[in-house]
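Chemist: Just so you know, the protein sequences line up as chains L and A, in that order.
193 is the number of the first residue of the first sequence in the working numbering; add one for each residue after it.
800 is the number of the first residue of the second sequence in the working numbering; add one for each residue after it.
Please note that a few of the clues may not be correct.
[What the hints assert, rightly or not] Label pairs and their calculated CB-CB ranges:
hint: 1; chain 1: A; residue 1: R989; chain 2: L; residue 2: R455; range: 36 to 46 Å
hint: 2; chain 1: L; residue 1: F273; chain 2: A; residue 2: H931; range: 19 to 29 Å
hint: 3; chain 1: L; residue 1: V439; chain 2: A; residue 2: S841; range: 29 to 39 Å
hint: 4; chain 1: A; residue 1: A969; chain 2: L; residue 2: L301; range: 47 to 57 Å
hint: 5; chain 1: A; residue 1: S844; chain 2: L; residue 2: S435; range: 23 to 33 Å
hint: 6; chain 1: A; residue 1: S844; chain 2: L; residue 2: H203; range: 48 to 58 Å
[Unchecked claim] Only some residues are given here: those of chain A computed to face chain L with a beta carbon under 8 Å:
hint: 7; residue: P893
hint: 8; residue: G895
hint: 9; residue: I898
hint: 10; residue: C915
hint: 11; residue: P923
hint: 12; residue: G925
hint: 13; residue: P959
hint: 14; residue: N1029
hint: 15; residue: L1030
hint: 16; residue: L1032
hint: 17; residue: S1037
hint: 18; residue: A1039
hint: 19; residue: G1041
hint: 20; residue: L1044
These are calculated hints, taken from the structure and not from any lab test.
A virtual CB, placed ideally from N, CA and C, is assigned to each residue, including glycine.
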Amino acid sequence: MSDTFFTSAPHWTWFIVPYFFIGGLAGGACFLAAVLAWIGRPEDRPVARTGFLVGFAGAVVSGLLLTLDLGRPERFWHMLFQSERLPHLSFKSWSPMSFGAWALLLFGLFSGLAALGAVVEEGRLGRGGRAAALRLLHTGPVAGVIVALAASLGFFVAGYTGVLLSVTNRPIWADSPWLGALFLSSGASSGAAVLVLLGARRGSAPGSLTRLVAFDARALLVELVLLIVFLASLGPVVGVWLSGWGVVLGLGVVLAGIVIPLRLHTRGGEPGGSFPIRAAMLVLLGSFLLKLCVMLASEGISLRRMAERM
Amino acid sequence: MSPEPMGFYTDTTVCIGCKACEVACKSWNQLPAANGGRTELSGDSYDNTRRLDGIHWRHVKFIEQFEGPYEGRWLMMSDVCKHCVEAPCLEVCPTGAIIRTEFDTVVIQSDVCNGCRVCIAACPFGVIDINHVSGTAQKCTLCYDRLQAGLEPACSQACPTDSIQFGSIAELRERAVERVAQLHAQGESRAYLYGADPDGPLGGLNSFYLLVDKPEVYGLPVNPRLPTRNLRLSSLLSVASGLLLGALALVGFRKRRMDERTGGGT
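Next up, chain A with everything else stripped away, as it sits in the complex:
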C-alpha cells in the first residue's frame, strides 16, 4: 500500500523568523553557501537570504510593514516549494527529471535534469532555480531521503515554534482548520488558509499556509495556474498566422506566374 499524501502546513502567525529551518535545510541537503561563504547583507532588510533559489530551498520571508520607526509589524513566513497536486514544473519538464513520489511530493532528479530551466519559468511561485554547482534545477525535495527512512523533514523538525508542521495532508488540513477557527475566536479575523483547498488552484498545495494578509503581501500569486492554459490558443493563433503567411507566399508567387503567362509579368 502506498503511503498517504504528505506535506507541510505552515502557520505564519507563530513564525519568529529564527531561520532554523533554513539552516537545517542547508545542512541536511549539503547546499553550498552563497557568494563562496562571504557575508552579503541585503542593505534594506533584516532578511539577507532574500529569495528561494537553487541553493536556498527554504527561505523565511520577512515582510516588513513599517509606517514609521516605532509603528509597524513583521510578517514572517517560511517559504518553500508548494509540492502542487497539479505541478506546473512537472507538467512542462521535457526530460522526465521531475517526478511525483509515493508521498505525493514533487522531486527533481538531479541526475536526469539537463538544466533547460523551463521549470523555473513555469513555477507560479518562483521556487525553482539553477544550482550552479550541479548545473541543474533544484528545489525542496520535502526531504525525500528522510521520508523514505521514516524521518520527518529537517526543516519541520528544527522549527522551534511548530510554525512548520509535517504530516499527512488530511490530518494537517484538519489541524489548520481548527487553528483558523481558534484565531477567529481570538479576534484575528484575517486568518485564512492558502492552498489547502483540494478544489482550489492547482488541485491544492501539499505545502499550504495560514496567512493573515492578502497573498500578494507574502509574495504569493492569488490564482496560480498551469502554464499549459495558454497552449491551445497560442498554438491555434500560430497555425492561423502560418496559414495566412503561407497563403500570402503562395498567392504572391502564383500571381507572378499568371502575370507572366498573360504578358504582364514583372
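For reference, chain L alone in the conformation it holds in the complex:
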C-alpha cells in the first residue's frame, strides 16, 4: 500500500474545485489571447480582447474562491505578508501554495491591465484627455510587456494547481508528477473553448474561431495523452479509480469532455454553428469534471476501506 494512504484529507472541495476549473480556464484564455495579440491579424483582436477580459474576471473569481475557502478568510493576506513582521513578504519558492498565491495576485494585476486595454480599445473607456495614456495599454511596447506577463502568469496559474496537489502526501495527487502538466493542458483546452463560446457573441471573425477550434482539438489530444500517462504513472494506486469517481473520469472527462468534442471538431461546420458550440460546452464540462474527480477521489478515500482492497 502506498504511504500516501496514511494521511488526512485537507477538505479542499466546493470552493477549490471551481477555483481549479476557473483559474485554469482564465489562464488558458489569457495565454491564447496573448498569442493572438502577438501574431494574429487585426480581425483577431475581438478574440484577444475577450481572452483578456476572461482572464481578469477569472483571476478575480479565483481569488474570491480561494479566500472564501480559508478557515479564516480575513487572514488571506497572511499568504502574502508576514503578519507579525510587516511589511516583510511571505514567500517560499518551494511551497506551491505560497508562490501560487503570489502568481494569482500578479496574474490578476497584469490580466487586469490587459483587460483595461481591451476595454479602451473597444472605445468603452478612455475618451478625452486620458485617451493617449490609456492607449499604451493596448498598443506599443508597454502593452506588449503587459500581455507577455499576463500570458506567462496565466499559464502558470493554470498549471501550478496540479503541482500544488503533487507537492503533498495525499493519495493520487502525490503518487504522480503529471498533474501539473495535465491541469495545464486542461486549462488550455477550456480556455480555447470559452473563447469559442463567447467569441460568437463578441463579434469574433469566423477565421479566428476556426483557428481556435483547431487549437482546441490539438490541446484535447495533448490532454488525452497526458491523462493516460498520469493514470499509468499511478502504479498500483490506479486501483482507486475502481469507484464512482472512475466512472466520472471515464464517461465525463474522457468520453464527454475529450472524445466527443474531438469527434465534433473533426466534423467541422460553421465556426459559430452548433458543432463547435456543443464541442466547446462539452470541453468545459470535461475540464470541470477532471478537477472534480481528481480532487474528490483523493478526498474521499477511506483508509480502512482502501487498506482492505489494496
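Since chain L is already given, all that's left is putting chain A on it; use the hints.
Modeler: Frame of chain L, contents of chain A only:
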C-alpha cells in the same frame, strides 16, 4: 544556550489503552468536545476517538486483531504529532504559522494560521486537522507553554504506565535502545524502534515509537517523505507541457497567416 531537542518516546508494549493521555491533553489545552459533547460510539471498536484531528491532539489507537471471539490481541498506541526533524507541514506552510521552537519541536501559531489546510495534505501521518472553533489548523504543540515553564507535557505526566516518556531526544534514544534489547532478551524479537534513527526518514522523529508489528498495522507509513520530493519533476513536466501547448498555438496561428499570404487560407 538553547535547550537540547526534546520529545516523546512511546513504548507501545506497556500502553494499556486507558486514554489518560487523551484526557490530560484535552484538559490542559482546553480542546472542545466532539459533537457538542454528545456521546458518539464508533460501533465497531472500543476506541471511540478514532483519529487525530483539530480537537484531538492525542489519540490512543486500539488495533484490534481478532480471529475469533476468544483469540486475538489488542495493540495499543498513543498517537501524536511526530515533531519531525524535517517537518513536511512546516516546509509547505505559506504563512509562516508553523515554526520550529527552541526545543526542536514543531508548533502551529494559531494567530498566524489562516486555515489554508495545505499542512493537512502534507503531513505523512495524518496528524493535523482544522479546529472548527478557531478556524485554524491545529495539532499537538508538545505542550510548548508547559515546556517554557519547565514542566513536562500533560500527556506524559498523566501516563500511568510510562508508555509515553518525555525527555531529551538523546537520552530517550538510549533508553529506547535498552528497552528493545530487553524485549529481545525476553523473547519478543519483533520489537523495534520507529522514527528513532536520525539518518532515517525525515531526519528522525522527535516523537518516536517502540512497535512490535509492521508500521502499517499501526497506521504509520513505512517511509514517510517530504512533499517537495515531487516539486522539481512536477514543475519541469508542467513547463514542458506549457512549451508544447504554446508551440502548438504559435504554429497554428502562424500557419494561418502563411496560408493567407500564399492564398490558401481558411
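Chemist: Take the hints in turn and mark each one as holding or not.
Modeler: Right, here's what the structure says about each hint:
{"no.": "1", "hint": "A:R989 - L:R455: 36 to 46 Å", "result": "59 Å, violated"}
{"no.": "2", "hint": "L:F273 - A:H931: 19 to 29 Å", "result": "26 Å, holds"}
{"no.": "3", "hint": "L:V439 - A:S841: 29 to 39 Å", "result": "30 Å, holds"}
{"no.": "4", "hint": "A:A969 - L:L301: 47 to 57 Å", "result": "51 Å, holds"}
{"no.": "5", "hint": "A:S844 - L:S435: 23 to 33 Å", "result": "24 Å, holds"}
{"no.": "6", "hint": "A:S844 - L:H203: 48 to 58 Å", "result": "24 Å, violated"}
{"no.": "7", "hint": "P893", "result": "4 Å, holds"}
{"no.": "8", "hint": "G895", "result": "6 Å, holds"}
{"no.": "9", "hint": "I898", "result": "10 Å, violated"}
{"no.": "10", "hint": "C915", "result": "6 Å, holds"}
{"no.": "11", "hint": "P923", "result": "5 Å, holds"}
{"no.": "12", "hint": "G925", "result": "4 Å, holds"}
{"no.": "13", "hint": "P959", "result": "28 Å, violated"}
{"no.": "14", "hint": "N1029", "result": "4 Å, holds"}
{"no.": "15", "hint": "L1030", "result": "5 Å, holds"}
{"no.": "16", "hint": "L1032", "result": "4 Å, holds"}
{"no.": "17", "hint": "S1037", "result": "3 Å, holds"}
{"no.": "18", "hint": "A1039", "result": "7 Å, holds"}
{"no.": "19", "hint": "G1041", "result": "5 Å, holds"}
{"no.": "20", "hint": "L1044", "result": "5 Å, holds"}
The structure shown violates the earlier hints numbered 1, 6, 9 and 13.
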